[in-house]
Each structure stands twice: as C-alpha cells, then as structure tokens.
Amino acid sequence: MNDNMLELKDIVKTFGGVTALNGVQFQLKKGEIHALMGENGAGKSTFIKVITGVHQPDSGIMLLEGEKVVFHSTLDSQKLGIAAIYQHVTSFPDLTVTENIFMGQELTTKLGIYRWKEMRRKAKDLISVLSEDIDVTKPMISLSVAQQQLVEIAKALSRDARILIMDEPTASLTRHECEELYRIVEKLRDDGVSIILITHKFEDMYRLASRVTVFRDANYIGTWNVDGISNAKLIQAMVGRELNQMYPQKTAKIGDVVLEVDGISKEGYFKDVTFDVRKGEILALTGLVGSSRTEVCQTLFGIMQPDSGKIKLNGKEIFLSSPLDALNHGIGLLPEDRQLQGLIYELPIFQNVTAPVLNNYTKYSLLDEKKEMNKAIQLCEKIELKAKDIADVPSALSGGNQQKVVFAKLLNCDLKVLILDEPTKGIDIGAKSSIYEIINELAASGYAIIMVSSEMPEVLGIADRIVVMKSGRVTGRFHAKDTNQEEILAATLMKREEMINEEVHA
Amino acid sequence: MTNNIKAQNKNLLEKITGYKQFGLVIGLIILLVFAYFLTPSMFTGGAIISMLKNNSVYAILAVGMMFVLLTGGIDLSVASTLGMTGVITSMSMSSNPQVPAFVWVVVSLVIGSICGLINGFLIGKLKMIPLIATLGTMYIYRGFAYLISGGNWLFPHKFTAGYIAYAQGDILGIPNITWIAILIFIAAAIFLSVTKPGRRIYAIGTNADSSHVAGIKVGNIKILAYTLSGMLAGLAGMLYTANYAICYYGMADGFELMAIAICILGGVSIIGGRGTVDGVVIGVIMMSIIAFFIGLLPGLSVWQDAIQGAIIIIAVAINIFTGRLSIKNALKERSSLI
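Taken in order, these protein sequences are the chains called W and R.
Taking the numbering used here, the leading residue of the first sequence gets 1, the next gets one more, and so forth.
Taking the numbering used here, the leading residue of the second sequence gets 507, the next gets one more, and so forth.
Treat the hints as calculated values from the structure; they're not laboratory data.
Careful: at least some of the hints might be erroneous.
To be verified - The calculated DSBU-like cross-link candidates involving lysine-lysine, where the alpha carbons are at most 35 angstroms apart (straight line), are:
no.: 1; chain 1: W; residue 1: K425; chain 2: R; residue 2: K723
no.: 2; chain 1: R; residue 1: K838; chain 2: W; residue 2: K117
no.: 3; chain 1: W; residue 1: K250; chain 2: W; residue 2: K312
no.: 4; chain 1: R; residue 1: K834; chain 2: W; residue 2: K316
Taking the hints into account, I'd like the entire structure generated from these sequences.
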C-alpha cells in the first residue's frame with residue numbers, strides 16, 4: 001500500500017501540433033493540499049482537464065489509490081469522487097443558483113422528478129458556509145463574479161469530493177473572502193479531502209499547501225516541500241531564468257497626453273474610471289478577474305458605450321459608437337482572445353494582416369494580391385515573424401507568432417493608440433520576451449499604449465505607469481519605477497470600504 | 507455582512523406584472539378586444555370549435571419544436587415527419603379497417619420517434635448542424651411519404667369512424683384533438699419544470715460546455731429532444747389525417763415554419779435555453795386568432811401571410827427590448843456590489 005490518493009505518470013497531451021503536456025507527473029497524498037504552480041500556458045489547466053476526464057491524454061497512466069483508471073468523461077471522474085472548480089466560471093446564467101449547484105447531479109425521485117425543496121434547502125446550507133448574501137433562487141446572471149465563484153465552490157462541495165481541484169480559487173476574491181476560503185479549504189483537508197490547488201499567488205501556497213509542484217512550458221520541473229522552498233527558487237523554477245532579462249530596456253521618449261479617460265461609468269461594470277496615456281508611454285491596466293478592466297478597454301474601442309464620463313483624444317472629446325469609429329480615430333485593440341477575435345484562421349497570414357484596410361490594396365477596384373503580400377512581408381519582417389510562407393494559414397504558427405500576426409495587422413492601420421488586452425496570454429516564455437520587445441519598440445515609435453495584464457512581473461517590467469482596478473473602480477495609480485509587487489497587490493485586493501475612504505481623502 | 511435574504515413578499519399586482527408572459531398576455535387581450543369588435547361572429551360556439559380543431563396540430567408541433575429550440579437547435583423535418591407518418595397510419599388503416607384505431611396512435615408515435623431519433627443521432631452523435639441535418643431529413647421523410655403513398659390520395663370514405671374520432675370526436679363539446687393537445691401541454695410543462703431530463707434541456711441550451719463539464723451527456727439530451735419532437739410530429743400526422751379525413755403525401759407542407767413562428771411568438775429563444783410552455787400556449791392562441799380574424803375580414807385574407815409575418819417580427823422586437831431591459835435590471839442589481 002502506498003499513501004498516494006492520486007498519481008499521474010508520463011502524461012502527454014497534444015492539441016493539433018501543440019504539446020500541452022509533455023510527459024508530466026504528479027502525486028497527491030491522502031488529505032494533502034498540493035499546490036500546482038507555473039506560468040500561464042505551462043499546462044496546468046490542461047492537466048486538470050486530464051484528471052477530470054474532460055480531455056483524454058495521448059499517453060501516460062493515472063492511478064487512483066493505486067489502481068489504474070481511465071476517464072472517458074467528467075462523469076467517470078465524478079463517480080470516483082473527483083471534483084473541480086475551474087478558473088473560468090462555468091455556469092448557466094439563466095438558471096437559478098440552486099440549479100447551478102446541482103446541475104449534473106440533481107436530486108430527484110425515482111421517476112426523475114426534481115426535489116426542488118430539498119435542493120433549495122441543501123443549496124442554502126452549502127452557500128451559507130461561504131456567504132450570507134446569495135439568494136439561491138436568483139438566476140446566476142444577477143450575481144457578481146465573486147459570488148458566482150462561490151457558487152462554483154459550493155457546487156464542488158456538494159459533490160462530496162475525495163479529491164478537489166481548485167483552479168485559482170482566490171483570483172477574484174477579496175482578502176476577507178480569501179480568509180474564509182482558506183478556512184473552508186483547511187476544514188475540507190481535515191475532513192480527509194485531498195486537494196490540488198492551482199494558484200499564481202504565493203500567499204495561497206504558503207498558507208495552505210504542504211507540497212508544491214511546478215510545471216513550465218508543458219514540462220514537469222519538480223516537486224518540493226513548501227517548508228523548504230524560497231520565492232526565488234520557485235520563480236526560477238517557474239520562469240526558467242532570471243526575471244530581469246525578460247524585459248527590454250526602455251527607449252521611448254514620453255510626449256504629450258494622447259488619450260484621456262475622464263470619469264467614465266457603465267452600469268454593472270465600472271464606475272468613475274479616470275486615467276490618461278501619453279505618446280510613447282506604456283500604461284498598464286491591471287486587476288483581478290472581475291475588475292472590469294476588459295470592459296473599460298472595450299469601451300475605449302467602441303464595443304461598449306459609457307453611461308457617463310468623457311473620452312478625449314488629443315484634447316478633443318470623442319464619441320465612439322462602434323469599433324470602426326475607434327479605428328477611424330486611430331484607436332486599435334489587440335483582443336484578449338486571438339483565436340476568437342484576433343485572427344481569421346482560414347485566411348492566409350498576409351490576408352489577415354491586410355484585412356482591416358483592404359482599400360489600400362486595390363487596383364481598378366480589384367484586390368492586388370501582390371501588393372498585399374509585399375506589405376505583409378514588410379510588416380512581418382519588422383516584427384520578426386517566424387513563418388515559412390506568408391500565404392500559410394495562422395494555425396500553422398506557434399502562439400507567440402500568431403500574436404505577432406495580430407500585431408502586424410494593427411501596425412498596418414494608421415493608429416495612435418494601441419490597446420493590448422493580455423498580449424502575452426497563453427504564449428510561452430521565449431516568445432513572450434520578443435512580444436515585449438515589439439511593445440517597447442511600438443512605444444518608441446510614438447504609439448500610446450494601454451496594456452491590460454494580470455501578470456505582475458510583466459506589468460512591473462514593461463509599463464511606465466500602472467493603473468489598478470478592483471470591482472470596476474480604480475484603486476491605485478503607480479509609477480512603475482517607484483513601486484513594487486506588494487503595493488500593487490494591495491491595490492488589487494482593496495476592500496470596498498477602503499475604496500470609498502480613499503475617494504473621500506482624494 | 508448580515509444583510510440576510512429578504513423574504514419575497516410580493517403583492518398580487520407585482521406578481522401579475524412580474525409574470526414573464528405579462529407582455530404577451532396584454533398583447534393577446536388587445537388582439538381579442540379588436541377581434542371582438544371587428545368580427546363578432548368569431549365568438550360564436552361553432553367558430554371557436556373549428557378554430558380549436560384546426561390549430562391543435564400546430565399546437566402539438568410547436569411543443570415538440572420548443573424542446574428542440576431550447577437545446578439551441580431547430581427541427582425542419584417535423585412537417586415531413588407528419589406527412590410520412592400520416593400516410594403510413596391512414597393507408598394501413600384503410601387496408602386493415604378491422605384493427606382498432608388505438609393501434610394507429612401507437613404506430614404514429616413509434617414512427618415519429620424513429621424519425622426524431624434519426625435527427626437526434628445525426629445532431630447529437632455525429633455533431634451535424636441541426637439546420638442542415640433536419641433540412642436533409644425533411645426531404646427524405648417527404649420523399650418516403652411520396653414513395654409509400656405512390657402519389658395517391660386517400661379520401662374520406664376510406665377512413666374508419668374509430669380513426670376519425672381521435673380528432674373529430676368530442677368530450678364536453680371540446681374536440682378530442684384539442685384535448686390531446688391540452689394533455690401534451692400539461693405533460694410538457696411538468697416535464698420541463700420538474701424532471702431531470704427536462705431541466706437538462708434548458709441547461710445544454712444555456713451553456714453546452716458547462717453542461718459537458720457538469721457531467722451531462724449533451725448528445726443524449728439532444729437525441730431526447732429531437733426524438734420527442736419527432737414523436738409529437740408523428741402523432742400530429744395521425745391526428746391530421748383523422749381531423750380532415752384526407753391523406754396525401756404533400757400534406758401540412760410548411761407547418762414546420764408555423765411551429766417555429768409560434769414558438770418565437772411565445773417567447774422561446776431561437777438560440778436556446780429560454781422559453782416556457784405557457785408562452786407557447788399563448789403563441790398558439792395568438793396565431794390562431796390572428797389567422798381566423800384575418801380570414802373573417804373581407805378583403806384582408808390575401809394579406810394573411812404578410813400580416814402573420816409582420817406580427818412575428820413585432821413580437822420578436824418586443825422580446826429583444828424586454829430582454830435588454832431584464833439584463834439591464836440584472837446589471838443594476840450587480841451595480842450595488844461595485
């Protein structure tokens with residue numbers, strides 16, 4: 001007998017040509033909290049999906065209490081007591097909280113008839129452990145993101161899990177809520193539940209975990225006892241090199257204010273957001289999930305319209321009723337999800353690059369493909385795109401190079417302001433630093449850049465100024481050179497009462 | 507931290523205006539008032555009975571269509587399923603008049619279910635796009651109806667009294683076909699509100715990925731929805747032939763679009779996840795009144811299709827508007843947390 005609850009060996013998983021997991025291993029002891037850490041794109045999310053049966057590994061074995069198991073679906077893993085709380089809330093917005101908790105394992109009579117009353121009572125019991133102000137009869141959509149996350153936790157708790165996987169459970173919680181969660185997680189562990197905790201926060205790991213495993217670029221790096229490890233060692237394991245080499249030397253000269261955001265509000269999303277960005281400057285907009293920074297960017301790009309407040313470009317107030325409006329004013333957006341919004345995967349690279357400004361490539365009103373290709377090649381050389389052929393489709397490229405194509409597309413438009421929404425999301429470390437170089441060069445060539453990012457080192461490493469948001473409000477403004485990770489973190493976690501105090505003082 | 511959930515004590519007025527179908531009911535009342543003053547003859551007993559009889563088939567098809575729309579799909583094959591099943595049951599009935607008519611009800615349910623199961627298999631297992639899969643089977647089932655009937659018509663004298671009674675007979679003055687539709691409505695309402703598979707139909711229509719992660723076999727729920735739609739279409743086929751005592755392969759052509767229109771009018775979302783049986787009931791009543799009303803007004807009957815189309819568009823426009831309003835309200839509630 002060994003005391004491993006769960007053991008995975010040599011797990012390989014590929015998607016198309018991309019290796020998401022390259023022979024990784026993991027051991028979870030009974031009643032242990034085991035942290036799994038690594039940068040975005042290290043393969044953590046894919047790994048849990050393998051454990052829960054969402055994905056099937058290409059090769060490798062999984063042992064549950066020493067016995068080999070194969071999961072064909074989440075149903076299989078649930079039956080054996082494995083529950084997961086995913087990073088992205090996976091809810092049914094139109095259904096009630098109660099149904100969200102029980103969906104997939106509804107309480108019914110033998111005839112399959114819902115036992116609504118019992119479900120509601122149980123849901124109330126489960127939720128009341130986590131929060132006192134969630135009405136279980138309300139539809140999910142009326143809850144805040146943090147509350148929705150709590151419902152997800154309640155959902156996992158409802159499954160009497162023996163193994164609980166939590167993917168960044170504290171990402172959108174306030175400090176107070178985090179404490180509550182720690183308490184709950186510890187209690188679960190004491191009740192004999194084995195927990196895999198995926199987190200970016202060292203605090204979560206030190207507070208809860210007894211061991212930590214690190215993945216990097218789809219590979220297993222190592223497992224350590226939390227007692228015997230230092231931050232520096234962990235960071236090196238996660239990043240694979242010293243951090244300071246990652247970011248380029250600043251070369252941009254900062255000029256006049258280009259874009260000014262003056263107290264814009266949008267009901268349900270953000271309130272009283274004010275900041276400005278100058279020519280040649282990189283302004284980082286950061287905050288946790290649910291802080292509405294993405295919505296602010298969408299507003300600046302004309303996807304959403306603010307209820308109140310002003311947006312000024314070069315001192316003149318502008319109204320953006322659509323993305324086309326924004327582009328015409330010289331504001332471009334690099335969307336967060338390049339697969340959904342950034343690229344057209346069926347079209348060759350050069351057509352992706354020229355798509356927004358096709359009018360520039362016509363001859364007698366017909367497209368001149370040669371002209372398109374030449375321009376695209378010129379732009380792609382500028383950003384050092386690694387591609388075999390400009391007529392290839394983007395799906396043949398790595399994540400980092402795909403992102404470069406999106407950059408080339410933006411460069412092709414006549415823009416003054418670039419909004420970059422998580423420009424390095426899901427891109428491996430090596431490619432990241434070349435993206436940083438591109439961003440830096442863009443700033444140097446006179447663009448005003450707003451970069452949304454959740455990665456603290458990235459924010460500190462590349463931005464000139466940093467604006468922190470929390471729950472739709474600005475909670476901190478910093479100059480990158482005179483701040484540190486702790487200060488920014490404190491602002492991202494600022495409580496509602498403090499925010500209001502802050503405003504009174506300001 | 508101690509703001510406990512308030513008990514929801516709503517007064518009657520709030521309950522009425524809070525009713526999801528409130529707008530539809532108001533629309534229906536306005537329509538009835540109009541109809542009452544413009545065409546009083548509509549409200550005579552005979553007219554109402556014939557209206558019920560003629561629209562019950564639509565009602566049955568619409569319930570099946572609702573299941574499918576709730577999953578985020580669409581079923582274009584229902585009218586063809588109706589045609590094929592009607593041809594099979596009525597032709598078999600005429601050559602075997604001694605067999606009790608009840609048998610043909612069962613046969614229609616079985617054939618319809620098989621047609622629906624095929625759709626469900628194509629969509630739930632082979633992951634075909636519902637529009638394409640059912641467009642294909644729409645032609646296939648209609649083609650079979652032609653093959654089986656040999657292009658021949660079946661006239662009233664061939665129909666047995668027992669067969670016809672399933673649609674044309676009455677209990678308490680209300681035609682049997684309408685009773686059947688009412689029973690189906692009740693069964694569907696119960697199925698969708700309190701049973702596991704019923705609620706899962708909503709779940710997969712709201713968020714198929716989440717459903718998958720929650721351990722729901724999304725494909726199987728889709729198969730169920732299409733099978734139910736087919737089953738009801740099959741039953742509608744038997745009842746259609748019994749109601750009119752006539753059968754030919756091209757019957758009920760275009761009824762699938764009518765069923766979709768009724769659902770849309772009744773507030774069923776075409777992208778899935780939203781819609782209720784009471785909405786569909788109101789949709790059926792509205793659609794039948796409109797059709798009847800227009801038919802009675804001299805000179806307007808040529809406008810029938812155009813007016814029905816316009817009403818669908820108006821209803822959907824109102825739906826979009828109220829939908830935005832409710833999202834806005836939800837966001838307002840959320841705003842209190844910012």
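Structure-based check of each hint:
no.	hint	verdict
1	K425(W) with K723(R)	holds (31 angstroms)
2	K838(R) with K117(W)	holds (29 angstroms)
3	K250(W) with K312(W)	holds (27 angstroms)
4	K834(R) with K316(W)	holds (30 angstroms)
Of the numbered hints given earlier, the model fails none.
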